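Colleague: The lines below spell out each chain.
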Amino acid sequence: MSRLSVRKTYKLFIGGKFPRSESGRSYTVTSPKGDFLANASRASRKDARDAVTAARKAFPGWSGATAYNRGQILYRIAEMLEGRRGQFAEELGTGKKAALEAVDATIDRLVWYAGWSDKIASVHGTANPVAGPYFNLSSPEPTGVVAVVAPADPLLGLISVVAPVIVTGNTCVVVAAERTPLPSITLAEVLATSDLPGGVVNILTGHQAELAPWLAAHMDVNGLDLTGVADADLALRCEQEAAVNLKRVLPASTDDWAADPGLKRMTRFLETKTVWHPLGV
Amino acid sequence: MAMFEYAPAPESRDIVDLKPSYGLFINGEFVDGSGPSFKTVNPATEETLAEVATASSDDVDRAVQAARKAFDGWSGLPGAERAKYLFRVARIIQERARELAVLESLDNGKPIRESRDVDVPLVAAHFFYYAGWADKLGYAGFGADPRPLGVAGQVIPWNFPLLMLAWKIAPALACGNTVVLKPAETTPLTALLFAEICRQAELPPGVVNIVTGAGETGAAVVAHPDVNKVAFTGSTEVGRVIARTVAGTGKKLTLELGGKAANIVFEDAALDQAVEGIVNGIFFNQGHVCCAGSRLLVQESIQDELLSALKRRLGTLRLGDPLDKNTDIGAINSAEQLAKIRQLSDLGESEGAERWSPACELPDRGYWFPPTIFTGVAQSHRIAREEIFGPVLSVLTFRTPAEAVEKANNTPYGLSAGIWTEKGSRILWMADQLRAGVIWANTFNRFDPASPFGGYKESGYGREGGLLGLEAYLDV
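Sequence order for the protein chains is R and D. Be aware that the first sequence starts at 117, since it is given in this note's numbering, and climbs by one per residue. Be aware that the second sequence starts at 53, since it is given in this note's numbering, and climbs by one per residue.
Just chain R, same shape as in the assembly (with noise of 0.2 Å):
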C-alpha cells in the first residue's frame, strides 16, 4: 500500500515568520494541466501593510549591516538552494532538465549579486575633485523600502529581481507570481534558514491586481519594482499612484532571465550621497 503523503500548507512569509493571511482566505494553485497543487494564501491589504512594517523594521539593522556580511548572507542564500536543488527542481514542475538547469542558474545568479555587495560603491561612487579645498566623496546607499512584483517565473525571476535590490542593503516586500506562487513560497524556506534577518525579504501571495497599488500608493514604501506586471493598465495605475511620495520605478518589463543583468536592477534603488569637508590644518 503506498503511503499518503504530508502536505505542505502553503503561507505567507511576513517579518521572518510563515502566518496565513490574516483574511483567512486563499486562492487554487494548479498545474499547468490544471491539477490542484494546493490552495495559496491570498494577502490582503492588511496583509501588505504588515510586510511593509516587517520590511521597514528590519532596514536599519540591514543597511547598516557591513557590505561583506551582506554578501556571506547572498552567499548563504546559494548554499542553502544548492541543498534543495532536486526539491526545487520537481517543484518548479516544468520538466526535470529545464527545471535542473532553472535552479543552476538561480544559485549561480545569487552568487554573483552576493560578490557584489562589496563592490557596488566602487564602481558606483566616485571621488569628486572639486575646484576648492574641500574633501568631497559620494557614495552609493539603499533607497529604503522596495515593494517588488515579482516576473512569472518564480524562482529564477524571482531572486534576479530580489537579490539586486537586498545585496545593496534595501529591505522589501514582493508579490510572488500569482500563478506560480508555490517555489516563491518554498523558497522563503531557504530565505528563513540563510541568516537573512527577518523582514529583509517578505513574500507575499495572492492578487497581483489586488496587491499591487496598495504598495504603490504606500506612503512608508520608497522604490516600486514593476516588472511582473503584465497588465499594461496595471502597470499605468501603479507607475502614477508611486507618484505620490516620488518613489523610484522600475517599470514593467519582459526581462531575458539569462542574459547579463547589468547593473541597473541594483543602481535603481540607490541614492547617491555625497560629503564635503573642508580642508585646513
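No lab work stands behind these hints: they were computed from the structure. It cannot be assumed that every hint is accurate.
As the list claims (entries may be wrong) - According to the in silico footprint, chain R covers these stretches of chain D (three or more CB under 8 Å from chain R):
id, segment
1, 266-275
2, 300-308
3, 482-489
4, 494-500
5, 510-518
Claimed, not checked - Pairwise CB distance ranges (calculated):
id, chain 1, residue 1, chain 2, residue 2, range
6, D, Ala59, R, Ala237, 50 to 56 Å
7, R, Lys124, D, Asp113, 57 to 63 Å
8, R, Ala237, D, Val293, 30 to 36 Å
9, R, Ala308, D, Lys363, 39 to 45 Å
10, D, Lys377, R, Pro245, 27 to 33 Å
What the hints assert, rightly or not - Calculated pairs, DSS-like style, for lysine-lysine (alpha carbon to alpha carbon, straight line, at most 25 Å):
id, chain 1, residue 1, chain 2, residue 2
11, R, Lys173, R, Lys124
12, D, Lys136, D, Lys121
13, D, Lys136, D, Lys188
14, D, Lys363, D, Lys377
15, D, Lys304, D, Lys121
16, D, Lys188, R, Lys380
17, D, Lys136, R, Lys235
18, R, Lys212, R, Lys149
19, R, Lys380, D, Lys136
20, R, Lys173, D, Lys377
Quick caveat: nothing in here was measured; it's all calculated off a predicted structure. Positions of the beta carbon are idealized from the N, C-alpha and C atoms, including for glycine.
Got chain R sorted already, so can you dock chain D onto it with the hints?
Modeller: Here is chain D on its own, set in the frame of chain R:
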C-alpha cells in the same frame, strides 16, 4: 553693535542692453509666441524690465519638432566636436560674465555679489566640466558607446535661473541630446541672453530651444509625446504632478525638488565658523534655495551662546539694492513668494514660536523680507515641516547625537544636511546616518560641477553634476 556706514557702491546696469520685448528661441531664431505676452519685473523696484512672449502648446510643439530635427545631426557629431561647441559656450559665458550677473540680479533680485561671484562662475564651470565629458562618455562606466535619449524637455525655477539652465543644458548636450527648456516666468531674461550666446557660439539651430511662459507652457513641454526625457527643478508639489504625467510614457525623469535641511551644531563646534555656516545656509540667496539649512538643530548646552552670536551676526547683514556690491540680502523674487513667506512666518508665531529679526529697514518699493529667526520651535510646527523658501530659520534643540539624527531625518524631504563638530568620527557617523543627498560637514551651500547634487525621498531623484549626472541624459 553699531552698523558701519557704507557709501553706496552700485554696479552699473549700463552693461545690460534690455530690449522692450522678447520672443521665443526656436530653431536658432527669435520668434513671436502665440500666447499673450507677460511682464517680467525687477523685484527690488517693481519696475517692468521687459515684455516676454508666452509659448502656447503649438509653440512648444514647434520647439520640440526643431529639437527632434536637430537631434540626428547633433548626436551624430563626434563627441570631440560637441565638446568644442560647449567649450565655446563656456568661454562666451566667461566673456559676458558681468552682463549676465547684472541681468540676473535685475530679474531675480539676488545680490550682485552672489550672481557675480557664485552663480555665473558656476555656470561657466558647469559648461566647461560637461564639455570635457562629450568625447569621453565611453569611459564613464555606462558601456562602450552609451547613446543619448533624444529630446530633453527641461523646466527650471527662478531661484538660480542661469545656473539651473546650465545644470540642465550642459550635460544634456554633452551626451548628445537636444533640448527644449522653459525658464521660470519671473526670471526668463538670462535664459534669453543665453539663447543669444548659443547663436554667437554658432550652435546648430534646434539644439537648444527656449520657450518662455508660466505653468501651462511647462506642462506642455513635460507632456509632449515626442519628448524623451523630462528634467524638472522646483517644488515637490509640482514634481508629483510631473511624475504622474510622465507615468507609463517611458520618458526618463529626473526631479530636483524641495528640502527642509537640518543644520546640526554640536557643542564642540568652532562657533564662529558655525555661525557663518548657518548664515550662509539660510540667508544665502534670500533663502530661495532648495537645499537651504532652514532647520537649525543646536545642542542644548550651547543654545544661548550660539543664538546670541548668531543674532549679533545678523545685525551686520545689509539688506537692500541687489546691485549694490555691499548688499548681503536682496529682494524676494516675487509678490507671490513674499506672500507665502509672510503667511508661514505668521503661522510660526500663531503656533507659539518666538520670532526675531534684527533692526532692519526695508525699502519702500519692491518685495522684501527681513532675515528672521524662530526659537522655541517644535517638530510639529509647520515652520519646522514645510519649505518656506525664504530667509526664515527655525531653531530646534537636541541633547544626543541620536536625537539629532532622529530629528534631522524626521521630514519627508532629504536633499541636504549640515554637521558642525570638531570630532572627525562623529562627522562620519552623522554623515552615515543622515538620509540626505548632500552632506556639508563644517561648511554649507557649496556647489561644484564635479560634485553630484540631488535628493533622497520626496526631494526627488536623479543626480545633477559629476559623472553620475551623465546618467540622467543617457539611455542606460
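Colleague: Evaluate each hint against the coordinates.
Modeller: Here is how each hint holds up against the structure:
Here the segment 266-275 of chain D counts 0 residues with a CB under 8 Å from a CB of chain R, which misses the bar of 3, and the coverage is violated. For a cut-off of 8 Å, the count of residues in the segment 300-308 of chain D with a CB near a CB of chain R stands at 3, and the three-residue condition holds. Chain R is given as covering the segment 482-489 of chain D, and this holds because 3 residues of the stretch bring a CB closer than 8 Å to a CB of that chain, at least three being needed. Check on the segment 494-500 of chain D: 4 of its residues sit with their Cβ under 8 Å from a Cβ of chain R, so the three-residue criterion for coverage holds.
Check on the segment 510-518 of chain D: 5 of its residues sit with their Cβ under 8 Å from a Cβ of chain R, so the three-residue criterion for coverage holds. About 54 Å separates the C-beta atoms of Ala59/D and Ala237/R, a value consistent with the hinted range of 50 to 56 Å. Between Lys124/R and Asp113/D the CB atoms are about 60 Å apart, so this pair conforms to the stated range of 57 to 63 Å. One distance hint, 30 to 36 Å for the beta-carbon pair Ala237/R and Val293/D, holds here, with the actual separation near 34 Å.
Range check, Ala308/R to Lys363/D: about 58 Å between beta-carbon atoms, so the 39 to 45 Å window is missed. Lys377/D and Pro245/R have their C-beta atoms about 31 Å apart, which keeps the hinted 27 to 33 Å range intact. Annotation: proposed proximity of Lys173/R to Lys124/R is violated, straight-line Cα distance about 29 Å (limit 25 Å). For the hint linking Lys136/D to Lys121/D, the alpha-carbon distance of about 21 Å falls within 25 Å, and the restraint holds.
A hinted pair counts as satisfied when its Cα atoms are at most 25 Å apart, and Lys136/D with Lys188/D qualifies at roughly 13 Å. Under the criterion of a C-alpha separation no larger than 25 Å, the hint pairing Lys363/D with Lys377/D is consistent with the structure, at around 23 Å. Among the hinted pairs, Lys304/D with Lys121/D is consistent with the structure: their alpha-carbon atoms are about 20 Å apart, no more than 25 Å. Restraint check for Lys188/D and Lys380/R: the C-alpha separation of about 21 Å stays at or below 25 Å, so the hint holds.
Taken as a hint, the Lys136/D and Lys235/R pair is broken in the structure, with Cα atoms around 35 Å apart against an allowance of 25 Å. Between Lys212/R and Lys149/R the CA atoms are separated by roughly 16 Å; this keeps the pair inside 25 Å, and the hint holds. For a cut-off of 25 Å, the pair hint linking Lys380/R to Lys136/D is broken: about 31 Å separates their Cα positions. The suggested pairing of Lys173/R with Lys377/D is violated, with an alpha-carbon distance near 53 Å, which exceeds 25 Å.
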